[in-house]
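Line order of the protein sequences matches chains Z and V. Numbering-wise (my numbering), the first sequence opens with residue 1 and increments by one. Numbering-wise (my numbering), the second sequence opens with residue 1 and increments by one.
Keep in mind that the hints are not guaranteed to be accurate.
[What the hints assert, rightly or not] Covered, in the sense of this in silico footprint (three residues per stretch, anywhere, with C-beta under 8 Å from a C-beta of chain V), are these stretches of chain Z: (1) 22-29; (2) 285-298; (3) 303-317.
No wet-lab data here; the hints were simulated from the structure. Predicted model, so just to flag it, every value in this text is computed and none were measured. Cβ atoms here follow ideal geometry from the backbone N, Cα and C, with glycine treated the same way.
The primary structure of each chain is shown beneath.
Number of protein chains: 2
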Amino acid sequence: MRIGILGAGQLGRMLALSGYPLGLSFTFLDPAADACAAPVGEHLRGEYGDERALAAFCERCDVATFEFENVPAAAAAYVAARRPLMPGALALETAQDRLSEKRLFDRLGIPVPPYEPVDTRDALEAAARRIGYPCVLKTRRLGYDGKGQAVLRSASDLDAAWSRLGSRALLLEGFVAFERELSCIATRGRDGATAFYPVTENAHRDGILRTSIPRPDDPLQALAQDYTGRVLAALDYTGVMAFEFFAVGGGLLANEIAPRVHNSGHWTFDGAACSQFENHLRAVAGLPLGPASLRAPCAMVNLIGTVPPLQALARIAEARVHLYGKEPKPGRKLGHVNVVAGNGAARDAALARVQALLG
Amino acid sequence: MRIGILGAGQLGRMLALSGYPLGLSFTFLDPAADACAAPVGEHLRGEYGDERALAAFCERCDVATFEFENVPAAAAAYVAARRPLMPGALALETAQDRLSEKRLFDRLGIPVPPYEPVDTRDALEAAARRIGYPCVLKTRRLGYDGKGQAVLRSASDLDAAWSRLGSRALLLEGFVAFERELSCIATRGRDGATAFYPVTENAHRDGILRTSIPRPDDPLQALAQDYTGRVLAALDYTGVMAFEFFAVGGGLLANEIAPRVHNSGHWTFDGAACSQFENHLRAVAGLPLGPASLRAPCAMVNLIGTVPPLQALARIAEARVHLYGKEPKPGRKLGHVNVVAGNGAARDAALARVQALLG
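Using the sequences plus the hints, can you model the full thing?
Here is the structure:
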């Protein structure tokens, strides 16, 4: 089966690497000349708004998916009219707009931080008064890795935040003093079957994910699965979805969903019986899902901006290195390292060794 | 680093799939239009005797290796004069000729079945008398998957065997009534460091490998490592080598070596901490070797001639499917399935389920 992927970054690259063993082949559409998935499939270079590129893409695949949630709605509609596009337009539209997301969570009874859409400077000020400080102003669309966000600690921050973000559709959210950030990576097959990975505990710095550690015995596993399952069903979802939560006071508050394989699930490549990448492909190819169980204690560390010497990384027996073939650039995700060990203490020690190399 | 691989079959394909995460890129030279590694790297289509093709290949790589042992000596010499070729010419020459192989084993004190080179019909008859029946007549070169072999059960088989194989350089070997066939997959780094996988118990049918099961607690592990280490050192070897043995009477008799990643090591993709594919690349790229330890009880089943429905294979939770993207043809290796389980009994049960699908 020929899989078409909109986007040819590291997620597309890892999908392809995981999909060849299933006998799948891959075509990517991506405008970037240096798209890092290009060496592992056919790369059609074109804009997502270019109908000729989209037509060529559709001709070269049997089913289509995407590796980033900001696929333009028109491109998704064009592809979906010609090929099965999974996940579907509803999932994509919902995930592209923080307000739609929040309203879905509300409707499904999934707790969310207080929020209000904000369209004017006056509305912002009024919303901040109702929600209270600190609160977070976010663009409704196109935010990622902490971009498009401003924390308001008091009314004196309103002007700066408004002047920076006010030209776009916005949402104001209550600031959550969370205890932990958790994500639940899940897959849903075309037949509605689901598989949930152990919840992953995530640590961010400067808005960018740094480490993820799966916690198979987490007391919040059942709740995270319950909430994630509600969203998968409501969106009649096919493929892998990531649901990010704030853990606070023994419960979970919904943060956001990503309708794709997700950085906080990269540990599954080495640490799960069947990785998120393979399970996404199994889902979109109409195959039975693979087991999402943990194989061994593991963790993931992102390589941001620079890659430590491969000689040093390779010397850590527990480290599985995953480089994306991208040019180094500050703040850029260039790869990650999964550590897999016989027990939690050995995992933590290996994790510390990897982190020491990152400086 | 750019890795050049002579040959673009399934071994090249799996090397590339395992090497992208290390940031490596891949160029293959192979005359076949439908070479199954082509989608996962740059495929230069050309004959191994074509100097222009070899020159282009050398230009496109920093270091070179191969995925089949029958690389023509002239091609290997051409490449080795321009790029580091690993394993080297000595390993290749030795493994290409059963007589050189046997003499090396002899010299290193590694037991071998009785053997004699055979050049004439009379010499064959005399050798058979000395070695005794049954015995096996083998071509010295280019044999694989049981091809180029004839079992002689008595003198009455001499004529047929001679007329079938007599045009080539031959070797007569004593027939070994072995208890088990074992192989030892090992890697040696540029610096001489070695890593040995647990010995693998292999079952062949019609001369083709059917199943491999790693036996981490095998009493013959130490002996297999000892013999394999002697060969690696004698050949000043870099990369993965497979050493096939006959287990008989509590000891090992050398059968043959393969100077490359090997079918009996395919289980390492899912069952070892670092696979034979990654370790071969680590060796040729000058990186530290990864651990060759077993992660969990596992086994490998080859898919020969036909592939069972993927739907059915994917339903077996313990099964990791590896298809090569090749057209079905009787006797052709089209893929393999690794089963990985929590214990030996579950592994055996899953293995039986996969085998049942093969009919």
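Structure-based check of each hint:
{"no.": "1", "hint": "22-29", "result": "holds (count 4)"}
{"no.": "2", "hint": "285-298", "result": "holds (count 6)"}
{"no.": "3", "hint": "303-317", "result": "holds (count 6)"}
When held up to the earlier numbered hints, the structure conflicts with none and fits them all.
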